[in-house]
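Residue 96 in our numbering sits at position 95 of the sequence shown, and the numbers go up by one each step.
Where hints are given, some of them may not hold.
[Unchecked claim] Listed next, with one range per pair, are the computed distances between beta-carbon atoms: (1) Pro75 / Arg259: 21 to 27 angstroms; (2) Ser238 / Glu191: 53 to 59 angstroms; (3) Asp460 / Gly299: 30 to 36 angstroms; (4) Arg259 / Arg414: 37 to 43 angstroms; (5) Ala262 / Gly479: 34 to 40 angstroms.
In case anyone wonders, no lab produced these hints; they're calculated from the structure. We put the beta carbon where it would ideally sit given N, CA and C, even for glycine.
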Amino acid sequence: MRRPDGAVRRVTGDAARSVGSAFLNFGPSTAVRGPRYAAHAPTPAARRATALAAIAFAFTGAFAALAVAEEAPPCGPFEAGETRIVQLAADRTLRDPGVQATGAADGSSAQGSIVPLPGSLAEEPGTADESEALLALPKNAAGGIPTDFELGPDAKIAQSFFSPVICATVARVTGPPGSTLDELVTVVPETGLVVPNDVYASAAAEVVPAPAAPTVADPYAPLQYGLAVSGVRAARSLGAGEGVRIALLDSAPEVAHRDLAPSRIEALATDPKNASKKKPAVHGTLMAGVIGAAEDNGFGIAGLAPRARIVSIPVCTAKSGAGGQCTIYEMLQGFDRAYDAKAVLVNLSLSGPPNPLLERGVARLEALGLVVVAAAGNEGRSDKRYPAAYPSVIGVGAVDRDGKRFATSNHGRWVELYAPGVEVLSTVPGNAFAFGSGTSLAAAHVTGSLAVLTGITGDVRRARSELFRTVNARTSGGLPLLPAACDVLGRAGRACKAPKR
């Protein structure tokens with residue numbers, strides 16, 4: 002057991018058994034010994050006993066809600082020698098708003114109103130809550146989890162769940178305001194890890210739309226330059242995302258929106274008791290529209306992959322305006338739901354600081370066969386943002402209709418692809434539509450394009466490989482731009498027929 006100062010202390014023998022033990026279950030086929038309550042002063046061992054009991058109690062409800070039908074394949078232990086307590090950096094402020102503000106809008110209600118996005122959309126930076134920590138307890142070779150940890154005098158386990166994706170029980174530890182990680186968890190098992198419960202933010206804003214040129218099929222489709230850039234409509238003769246399941250980890254979209262057919266969106270809650278995450282929110286509705294808005298329904302816009310099935314997993318809580326906040330704890334739960342829902346694509350239109358559990362989570366999703374797409378962030382800097390900068394993730398920057406980088410899009414070699422993300426028209430709650438700009442929308446374009454390619458090729462990894470083969474063949478010193486779907490399919494031996502229109 003490693004203390005924050007680097008010293009190692011193991012809790013074994015009488016010290017570990019001083020409060021007795023009882024069998025508790027932590028995930029499928031996992032038995033661990035958890036101490037019973039003791040009728041004496043709260044010693045460190047007693048606090049650990051209380052914490053274990055809290056983990057067991059919280060986990061029982063969390064696991065029932067999670068309802069993981071099939072445990073993921075086993076994964077290895079956390080890296081040996083890895084720092085057990087990952088302290089907050091001097092500045093972990095999140096400055097990425099996800100979708101940027103550029104003006105105000107109005108529109109016709111005949112085909113669905115184009116409205117300004119609500120509220121003040123100035124950046125509202127989020128930070129990791131220093132009074133919260135995540136304690137990760139990975140399975141050992143025998144299938145159990147370590148119990149030799151200690152919490153601070155005023156710390157407690159607020160929630161916990163077992164994650165089959167990262168093969169660990171994750172406990173959310175809370176304490177008095179201003180508590181540091183080593184004050185919340187004073188002793189960490191050799192195989193355990195303590196990290197901040199980082200908060201990832203998103204926001205959105207208004208722009209002035211061009212006059213609509215209504216068509217019979219989708220009145221606002223002419224305003225969607227992303228459809229032309231991605232070339233997905235030219236590939237409609239081959240497919241529109243049929244059979245592809247996309248996990249949208251965001252705020253909850255408005256599934257009753259006329260352009261978001263409920264039959265194609267499955268709204269799943271990571272925590273059924275948290276009703277606030279079920280309420281329709283702007284950011285999630287914007288992303289759902291870009292990816293999968295209904296096509297040829299005589300209303301509004303068209304999505305890139307209208308035949309794909311979106312699995313909405315609300316891991317973000319809507320804030321003022323179009324913003325939202327998402328914690329690592331909720332995102333890890335969302336990864337489990339995405340895997341259990343048999344999604345092959347995961348859209349993360351958010352960004353923030355690095356976190357070891359986030360890195361492990363997205364790497365495991367890739368190992369399990371899922372492709373993760375994430376926004377690069379909107380700070381106009383080359384500093385890496387996460388999860389986009391992790392090697393297991395496709396990091397996406399934003400460009401305008403001319404293929405020029407959006408002024409506030411983050412950039413650098415770690416940004417693998419650039420896609421439409423300036424003045425993008427999409428769905429918002431209230432059967433309405435709004436324009437927004439930012440890397441959130443660019444990431445949604447890449448996810449939608451990959452869904453179309455996956456439905457046609459039958460393999461999400463092949464779709465990703467062929468997409469980047471095409472990008473590499475076309476890019477020479479410029480930005481790696483999202484290629485047209487038919488260019489990618491041509492390299493894969495699937496020629497497109499005459500475009501639909």
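Hint check results:
Against the hinted window of 21 to 27 angstroms, the Cβ-Cβ separation of Pro75 and Arg259 comes to about 45 angstroms, which falls outside the hint. At about 57 angstroms, the beta-carbon gap between Ser238 and Glu191 stays in the expected band of 53 to 59 angstroms. Distance hint check: the CB atoms of Asp460 and Gly299 are about 34 angstroms apart, consistent with the given range 30 to 36 angstroms. In this structure the hint that Arg259 and Arg414 lie 37 to 43 angstroms apart at CB holds, the actual value being about 42 angstroms.
At about 38 angstroms, the CB distance of Ala262 to Gly479 agrees with the hint of 34 to 40 angstroms.
Of the numbered hints given earlier, the model fails hint 1 alone.
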